[in-house]
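Protein chains: 4
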Amino acid sequence: MQEIKHYCGLFAIAGPEAAAELTYLGLYAQQHRGQEAAGICAADGREIHRRGGMGLVTDAISRHDLESLRHPMAIGHVRYSTTGSCKSDNVQPLVAQTASGPVAICHNGNLVNAGGLRDDYEHRGHIFTATSDTEVILHMLADPKYRDQDDPFAAALRDLRGSYCLLAMWPDRIEAARDPTGNRPLCIGRVGADWIVASETCALDIVQAEYVRDVAPGEIITLTPGKLSSRRFAPPAARCAQCVFELIYFADPASDIFGENVHLVRKALGAALAREAPVDADLVIPVPNCARCAALGYHEVSGVPIGRGFTTNHYVGRSFIQPTQAIRDLTVRLKLNPIRGSVAGKRLVVVEDSVVRGTTTRAKMQSLRDAGAKEIHLRVASPPIRHPCHYGIDFPQREELVAAQHTIEEIGQFLGVDSLAYLSREAMLNCVRESQAYCDACFSGDYPIPINNSFHKAQFERPRAPVAKA
Amino acid sequence: MQEIKHYCGLFAIAGPEAAAELTYLGLYAQQHRGQEAAGICAADGREIHRRGGMGLVTDAISRHDLESLRHPMAIGHVRYSTTGSCKSDNVQPLVAQTASGPVAICHNGNLVNAGGLRDDYEHRGHIFTATSDTEVILHMLADPKYRDQDDPFAAALRDLRGSYCLLAMWPDRIEAARDPTGNRPLCIGRVGADWIVASETCALDIVQAEYVRDVAPGEIITLTPGKLSSRRFAPPAARCAQCVFELIYFADPASDIFGENVHLVRKALGAALAREAPVDADLVIPVPNCARCAALGYHEVSGVPIGRGFTTNHYVGRSFIQPTQAIRDLTVRLKLNPIRGSVAGKRLVVVEDSVVRGTTTRAKMQSLRDAGAKEIHLRVASPPIRHPCHYGIDFPQREELVAAQHTIEEIGQFLGVDSLAYLSREAMLNCVRESQAYCDACFSGDYPIPINNSFHKAQFERPRAPVAKA
Amino acid sequence: MQEIKHYCGLFAIAGPEAAAELTYLGLYAQQHRGQEAAGICAADGREIHRRGGMGLVTDAISRHDLESLRHPMAIGHVRYSTTGSCKSDNVQPLVAQTASGPVAICHNGNLVNAGGLRDDYEHRGHIFTATSDTEVILHMLADPKYRDQDDPFAAALRDLRGSYCLLAMWPDRIEAARDPTGNRPLCIGRVGADWIVASETCALDIVQAEYVRDVAPGEIITLTPGKLSSRRFAPPAARCAQCVFELIYFADPASDIFGENVHLVRKALGAALAREAPVDADLVIPVPNCARCAALGYHEVSGVPIGRGFTTNHYVGRSFIQPTQAIRDLTVRLKLNPIRGSVAGKRLVVVEDSVVRGTTTRAKMQSLRDAGAKEIHLRVASPPIRHPCHYGIDFPQREELVAAQHTIEEIGQFLGVDSLAYLSREAMLNCVRESQAYCDACFSGDYPIPINNSFHKAQFERPRAPVAKA
Amino acid sequence: MQEIKHYCGLFAIAGPEAAAELTYLGLYAQQHRGQEAAGICAADGREIHRRGGMGLVTDAISRHDLESLRHPMAIGHVRYSTTGSCKSDNVQPLVAQTASGPVAICHNGNLVNAGGLRDDYEHRGHIFTATSDTEVILHMLADPKYRDQDDPFAAALRDLRGSYCLLAMWPDRIEAARDPTGNRPLCIGRVGADWIVASETCALDIVQAEYVRDVAPGEIITLTPGKLSSRRFAPPAARCAQCVFELIYFADPASDIFGENVHLVRKALGAALAREAPVDADLVIPVPNCARCAALGYHEVSGVPIGRGFTTNHYVGRSFIQPTQAIRDLTVRLKLNPIRGSVAGKRLVVVEDSVVRGTTTRAKMQSLRDAGAKEIHLRVASPPIRHPCHYGIDFPQREELVAAQHTIEEIGQFLGVDSLAYLSREAMLNCVRESQAYCDACFSGDYPIPINNSFHKAQFERPRAPVAKA
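Protein chains in written order, with this note's numbering: chain R, 1 to 470; chain D, 471 to 940; chain G, 941 to 1410; chain S, 1411 to 1880.
Hints are not guaranteed to be accurate.
[Claimed, not checked] Label-pair ranges, simulated between beta-carbon atoms: (1) D/Glu870 / R/Glu17: 54 to 62 angstroms; (2) S/Gln1776 / G/Arg1171: 56 to 64 angstroms; (3) S/Val1622 / D/Asp514: 50 to 58 angstroms; (4) D/Lys844 / R/Glu426: 33 to 41 angstroms; (5) G/Ala1178 / D/Lys615: 25 to 33 angstroms; (6) R/Asp44 / D/Glu870: 53 to 61 angstroms; (7) D/Glu870 / G/Ser1008: 25 to 33 angstroms; (8) D/Gly842 / R/Arg357: 33 to 41 angstroms.
To be clear, the hints were calculated from the coordinates, so they are not data collected in a lab.
Quick caveat: nothing in here was measured; it's all calculated off a predicted structure.
For glycine and all other residues, C-beta sits at the position ideal for the given N, C-alpha and C.
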């Protein structure tokens, strides 16, 4: 049902004996950021131990795994693949043995120059085993070019281009870095004397840690038991590029990221939408679950009563057996079922957070019609998505983005609604404090970080030419 | 987190080749009624085939299972144990070989005379393998006392006391019955020429069937491919006893049961609560997810703005690794995390559907305080629960029901709220059309079906006295 | 590869806290008697706890299972289905709740009057859940007809016909019984103050227990911690009927059963075969593994040098992936591979223990030819199998027994050997001390226990006629 | 029970669509060479696909895996770790992406200069993910130093030191190489137009392929569908070093390796032993299963009757539950149980293939005593093992080799036997045709390939010094 899968969540903690267990909880709280794989590394001062696998945190990490990771520093990762397909080789953290010892790394974002760096290393004779863009960072950390500098990690980061929050682990410390544009969120927390780094503050809540501050763009944080230190590897970018889509869709409403409370921003988006696109109606309903905050905003400004249009089946899992063709159509309602008693005979304002391909939204609108809705006015709490993301969101190709191919009117017809309105870009940016510090390239096509246009996700999986033999 | 687990859901269909697959979907849509075990039987005219196991439908039934069940009649069951512990021997449908062939049965409800019937059969030399009260029905169906009558199933049902919706399968037909008091819901649906029986209408929706009517109290429905017939085994009880708690808590808001739309009843409960227990406040928030409908009703009548107080982690599963004692307290927030941006500094009206032990509610209230709530006024959209249920709801012992032991004021202090109010019994009953047709014994202590006071859930598991040998 | 699967092994011990663990070992040592399912029950004085499942002991019972069975009395069972198909419902011990408490039972043998007893119970209204003949014994133990007698177990046993060694467990004791003909082996052992009953003495060896004596035909042994007592439920049959095929094929060569050492009997069979069917040859080789003892006997008497003709792949498991049709033929050599260096150019005497269908033997002979054998003289250390077994051996139908359908000469041609000889019945019986105490019906057709001719294994699985409804 | 685990088996085939399935069979036939992990790679001309995991072939590779490998070239590996611990990262074949495309490799043997090569690569900035010595070969193949040469594989091989048979796979071909000393066996087979390379000829038998010849020391074989070609990368070593222990213990008796039939060599070893160390006795028995061939040889020369002393439990698996301490001693007889009827009262000659630590042999001798053996004369069909192996056999440290620490007399006392004799080195070498072409360093200490004395198996797992940071 989900048109955009989330991508990655990070968690690191130094200090407590139960570091891996707390990391497990921290990943669990960020499970919405990635459901395809999960992994944890723990360091004991001499070695790095890794456990992980495919699936949800609770599938990928066993109690036995946690027991074998009882060391005072841990980092963890939940993943939806951005670069790299869904293979176990790509479970992060990735670990390597290097001349200066073992190192582990995990990554949220997308490197736009990974292909070039990898080609260069392969040309020099390096071998690659995973298909993700993250592996190239391990090669850089092992490379004497960086290794022999005073601050190898900082030197390597300076040669990365793109979007990244990184956790790196050595046997004696954890380092966390955020790219100079600040594209992805990364925050610092503290519980007692123990320091934490996480993608979202909801991960701090679950371990009852207090939020301290965000990792700054261009900053490296070093965690050791009881101690946190900071240094810069680069100045903040002239143009910061925080992902506005994190606020619109990805992050948990209970989190604070980029200095904003996610719930309040979403409510403000809905309120702005009510001002820009009012409609005479009986009931405002959100499409669960992301649009609930925006629907509240729309309701408050418009005065249209708010209601509940769907029930959600919380037991949907990856293991649902694909039904045979004959009854496949029935599965549309597996996750969302309209509440007939709520919507029948009503003129509805349906609030969505965003529309990507439009096919799922269309099915939802149809199910509301079937349940007796009299009118459907779809209001989208963000602008039309017309451009792909190169910094970590797995939007489909431009050809599949409905708003890249069609006018608003055509989209409304396709979705089968009585009226359709999107929020304007200006109104969207007015909902955040520092609108100039955001990337909204998926809406505007204005890419703040230069990209290689030929990039696409599966690039590292393309078969290479076989070795030509004389 | 859940104080009351749901109990059982039923689904039967006769006609299509994919009967078992549709049953899988129908159980899936009713997964909220039981998460401990699931099973499906299919009949081919000569034999009954069974598959099932512990856990969610998607865990208990594999694709391979469904393939081995491709026969045109199927019945299925999801279970939370009411009588009988969580053991695989109790996965329903139960199947037995009898002198008149194989028979399968599944049950939603609780038989108050099962103990006596079982004692009698054991005394006569019968053996029992499961610990549920349902097994005794198999013995009755095999018993010549009933078997030799014109309508064995009806004859057996007439000797059952208590609450039951039953599905029984013979190789050539399915029969569905509802007890004379109508305690549990059971409805009839139709898709094309195929007939369906299900606990809730949300199971009809998922297979795009239309609702026809409810099975009447005291009625037996017979399903064969393309054909439905009806007969009575008993007149409706003088006093019907539909479970009001189904409307308050168990059923899916998208379902219609007992002739009511669940969502609308819950909204009416919230509205009545606003009239009975108004309070000067800034924000109404529901405790997810059941109280969302009631909170809407409270908001509409009171005029207090409605908001969202918590985010829900949808990835909570049974397999979560129990953390070590040291960090166990942290898990309070695994499922619900308060949205600080929403509740901080606010005077809150928190709407709950019901309060059982009170311990979970207390933790939720504390987390709202921690997130900065200024005042907390808890409003419960049902009366205080003071009496155990003998008809299938797994309430704890009377000693653990907070309202059975304490005054409202004491409960408010225990929960740590600024004010507390429950809905009155009268107001509750005003929210349904035929209030005299309901059982509200958990609130009133007025049990419509006579019970054996010594009954408790694990009675069939108590060790018997060892055989005395001379 | 195996033409006859073994059937069942029993083990019981009373006394030590680790009773279930010792039972696990005892079953493990008897794994050759049944590889399809395994189960263990332990009693704590008040209740009976059961664990088990399909497959080998090591698959069916987990460490966690053993931990949950730490009680001072345990019984266990390994099974190859004789009556009843390969379904988990048939895992033994079977357990039931009865009016006089719980009881568990396991069985080695085959009841020839189980069908009639079951029909009678079903007629009286009893239900059956398993398809094995063992379940009817549970019904008898619960039946007031037996239950009200002074010695219910003895009374029930007196009404059983057929072959049985039984272990029965009540919460406070274990009872072991052997049928009056002594058809299957059952011995008593002792380790310290703890008493053991097992099918074969090799199970005593593994727990370092000493052999005390066999359970006598018609005897019941009662085990409680530290105590063993005995009583008779019937006099020994006028005609004892110990299974000679246990000595020829089933039992472990290290075991003593029926007062004989299995290895020595097999060696004697081979020696007799050399006397009856000498041949001028270069090398005697056994077909692994059962015929190794007989081959030694043949070698010693004949003076023909003994060698090794095949290597055995010990890693053959149930999980071997069935290859696609194209390469299926290759799997003939999965388990046995001829040693070319040993057999090439040689005139071979190949010693087999028995020939059932002949198809597997034929493939083995062909592989010896392919490896360069010059002549193959097959010598079978038992008579031709011409009759089915009704007492627990899963021989195929008469139509599939090669010796029931063909002359010795035809069989030799079918097998592709240069000469073929079987041991005579007289010579076979001369190899045991009390030849009149044996059943050799599979060779002679002389059935010592009257049988119902229509019996066949799957009788309890045949679909019954559906209930006729007016 | 096994004192020496085997190490590795290789199989490769080019041509048939079912290449992976045939590889599965070929590995299965060589399961005795490694039970810890198994893997298969298949090539489709453009890409290399890998499947595998821990455990036996049947555990590590599923039917689904084989279906996803239906390509006309496949290589496979079974492993007992020589270098590298038992971790899934070390499942072979190892696969890497390089500048010239993907490459896969698997290895039987041990590289004595792997440590130095790896240090060098790490120093240059390469990263390592596995802990086996095999990974360094992937780095060499990707290294421009070799990659840019006319024959990169040959060039890389020339810089390897130690023992190796290798299979390398590129998307369009398979290459197989054997080190210039010929330390490990590797043979070429053919079935129809399809070419095979395998460690042992028993793997050819299972796929009904004919043996063509051995891969020569210093030779590279290239396999493509329907085509085999050969080239040399090095001349055969001045001193060949075929592992004599392969003949004594590792290889399957049905195999031909190094131009010898394994069974016949073992029989000759036993015969020589009878000549060197005769004894007046009643019975010769082998310790199962390896010594069965040698025992035949001893018997034939000595004239002492041969018998069977033990039965073997074929169901021993890796999953056997470790019993609690109290009953641990009982498990000595899990695998071998003495046949009392065979050995009681006898003067035994017990033939063993080799003695490593001596602890297991001691337990076996004790169990024979317990079964009533009158005298035990242990005869070992190889010389005393006094030196570790550096070429792939996982002998324990010198301190644990009983013959490195004790005189023959002391060993005899330790083992509790009445007399003990080993075969002399001279007699052993007389049993093979080209005795000068063998390595017997484990007996003689005469290492044909220079070694780095500090080498030990876990060297790549030692924690490195953490990075020192200023």
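Against the structure, the hints:
no.: 1; hint: D/Glu870 / R/Glu17: 54 to 62 angstroms; verdict: violated, 35 angstroms
no.: 2; hint: S/Gln1776 / G/Arg1171: 56 to 64 angstroms; verdict: violated, 39 angstroms
no.: 3; hint: S/Val1622 / D/Asp514: 50 to 58 angstroms; verdict: holds, 55 angstroms
no.: 4; hint: D/Lys844 / R/Glu426: 33 to 41 angstroms; verdict: holds, 35 angstroms
no.: 5; hint: G/Ala1178 / D/Lys615: 25 to 33 angstroms; verdict: violated, 43 angstroms
no.: 6; hint: R/Asp44 / D/Glu870: 53 to 61 angstroms; verdict: violated, 45 angstroms
no.: 7; hint: D/Glu870 / G/Ser1008: 25 to 33 angstroms; verdict: holds, 27 angstroms
no.: 8; hint: D/Gly842 / R/Arg357: 33 to 41 angstroms; verdict: holds, 39 angstroms
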